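Colleague: The sequence shown begins at 1 in UniProt numbering and counts up one residue at a time.
A few of these clues could be false.
[Stated by the list, open to error] The following label-pair restraints were derived from C-beta to C-beta distances: (1) R9 / T38: 16 to 24 Å; (2) P109 / N36: 28 to 36 Å; (3) Y19 / S82: 27 to 35 Å; (4) V58 / L111: 23 to 31 Å; (5) Q8 / P86: 33 to 41 Å; (6) V44 / A68: 51 to 59 Å; (7) H21 / A60: 50 to 58 Å; (8) D12 / V74: 41 to 49 Å; (9) P86 / D121: 29 to 37 Å; (10) S110 / V56: 52 to 60 Å; (11) S110 / A68: 46 to 54 Å; (12) K85 / H21: 21 to 29 Å; (13) M14 / I55: 55 to 63 Å; (14) V44 / M112: 38 to 46 Å.
Hint data in this document are derived by calculation from the structure and do not stem from the laboratory.
All values derive from a computational prediction rather than experimental measurement.
Think of the CB as a built atom: it goes at the ideal place given N, C-alpha and C, for glycine as much as any other residue.
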Amino acid sequence: MGLSENEQRLLDEMERNLYKHEADIVSTSAGPRTVNYTKVAVGVLGIVVGLVLVIVGVSAKLLIIGVAGFAVAVAGALWALSASKPATGDEAAAKHAAGQGPAPAKQAPSLMDRLAQEWDDRNQR
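The whole structure should be built from the sequences, with the hints applied where relevant.
Modeller: Have a look at this one:
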């Protein structure tokens with residue numbers, strides 16, 4: 001049974017949206033990453049200094065020192081969390097060649113290709 005023109009148009013539109021969203025998900029998915037350990041160390045040091053300032057501020061009953069300590073701890077946490085960035089293709093391949101990281105991701109078939117293959121397999125039975 002064929003689809004009407006309206007149904008075919010809606011199906012094409014849904015497929016285009018699916019491809020668009022699938023590309024967004026793939027581009028933001030987790031892959032090989034590089035970590036700047038110096039940024040992590042500075043961030044952890046900032047967190048520790050901030051917590052010490054919070055404790056000093058509470059024990060001395062000085063609100064400004066406690067608030068400043070909290071701000072330093074939050075800034076340290078943000079600094080440490082920003083230490084990771086996606087690896088470029090060259091870096092990922094070099095790590096894999098050195099045995100330090102996972103293999104570069106192989107191109108997997110798209111969702112629509114997999115669904116079409118399942119449909120064809122089901123109809124051939």
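Colleague: So, for every hint listed, does it hold in this structure?
Modeller: Checked hints:
no.	hint	verdict
1	R9 / T38: 16 to 24 Å	55 Å, violated
2	P109 / N36: 28 to 36 Å	35 Å, holds
3	Y19 / S82: 27 to 35 Å	31 Å, holds
4	V58 / L111: 23 to 31 Å	54 Å, violated
5	Q8 / P86: 33 to 41 Å	39 Å, holds
6	V44 / A68: 51 to 59 Å	18 Å, violated
7	H21 / A60: 50 to 58 Å	53 Å, holds
8	D12 / V74: 41 to 49 Å	48 Å, holds
9	P86 / D121: 29 to 37 Å	35 Å, holds
10	S110 / V56: 52 to 60 Å	57 Å, holds
11	S110 / A68: 46 to 54 Å	52 Å, holds
12	K85 / H21: 21 to 29 Å	24 Å, holds
13	M14 / I55: 55 to 63 Å	57 Å, holds
14	V44 / M112: 38 to 46 Å	45 Å, holds
When held up to the earlier numbered hints, the structure conflicts with 1, 4, 6 and fits the remainder.
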